[in-house]
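S.K.: Construct the complete structure from the given sequences, taking the supplied hints into account.
The lines below spell out each chain.
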Amino acid sequence: GAGVSQTPSNKVTEKGKYVELRCDPISGHTALYWYRQSLGQGPEFLIYFQGTGAADDSGLPNDRFFAVRPEGSVSTLKIQRTERGDSAVYLCASSSGQGGYNEQFFGPGTRLTVL
Amino acid sequence: GEDVEQSLFLSVREGDSSVINCTYTDSSSTYLYWYKQEPGAGLQLLTYIFSNMDMKQDQRLTVLLNKKDKHLSLRIADTQTGDSAIYFCAVESGGSYIPTFGRGTSLIVHP
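Protein chains in written order, with our numbering: chain P, 1 to 115; chain S, 1 to 111.
Accuracy of the hints is not assured; some may be wrong.
[Claimed, not checked] Computed cross-link-like contacts, DSSO-like style, restricted to lysine-lysine with a CA-CA straight-line distance of at most 30 Å:
no.: 1; chain 1: P; residue 1: 78; chain 2: S; residue 2: 67
no.: 2; chain 1: S; residue 1: 67; chain 2: S; residue 2: 36
no.: 3; chain 1: S; residue 1: 36; chain 2: S; residue 2: 56
no.: 4; chain 1: P; residue 1: 11; chain 2: S; residue 2: 36
no.: 5; chain 1: P; residue 1: 78; chain 2: P; residue 2: 11
no.: 6; chain 1: P; residue 1: 15; chain 2: P; residue 2: 78
Since the hints were made in silico from the structure, they are not lab data.
M.R.: Okay, here's the thing in structure tokens:
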């Protein structure tokens, strides 16, 4: 079956521009996560959805970052007025959101470069 | 918040055992995970351990948990070149469903 997919795989933009990154989770997974991974670092939590609602957005660095999941499936991470410091790989993961342990299935990521 | 630390590099010879170590700070941690990341691919869950366990074995993988010292380790027996990757320790606390990841340990396996 299909895993988590993310588009685009690479995005190059100029400082100050707006970007949207898309995540298609595994069908039926109710939980969806966005992380940011800088070079040499582990994934850094941004936001977690349970269904359509953001259950925890405490990792969003500032109000330039916003994410939606309107139908409880596909999610879009939106970054306004991009800065060079936003350059990183943005990872999406989904999980069934049930049971004890929380196995997250990760997509390959979107590499964002802000010039 | 939780802080998770790992050594950055480990180099082993093919056929030897590899031990990757991780320390964490939150004593209320419930689930502890090991993920593997190969170049150009997403993270993949290798194994996990619940906080009421000391050890878990899964084929070539052995996870040891020392709750008193807040220390987690992953042992890979008979390490192969295909095991070369970055290994991330991740720790989840008190039903939060949000794990904190370490910086990753880059495992290099040479013939």
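S.K.: Confirm or reject each hint.
M.R.: Hints, one by one, checked against the model:
Taking the CA atoms of residue 78/P and residue 67/S, the gap is near 39 Å; set against the 30 Å cutoff, the hint is violated. Our distance criterion of 30 Å between C-alpha atoms is met by residue 67/S and residue 36/S, whose separation comes to about 23 Å. Of the supplied pair hints, the one linking residue 36/S and residue 56/S holds, its CA atoms being roughly 17 Å apart against a limit of 30 Å. Of the pairs offered as hints, the one joining residue 11/P and residue 36/S holds, with about 25 Å between alpha carbons and a cut-off of 30 Å not exceeded.
Under the criterion of a C-alpha separation no larger than 30 Å, the hint pairing residue 78/P with residue 11/P is consistent with the structure, at around 13 Å. Using a Cα cut-off of 30 Å, the hinted pair residue 15/P and residue 78/P holds, with the two alpha carbons roughly 15 Å apart.
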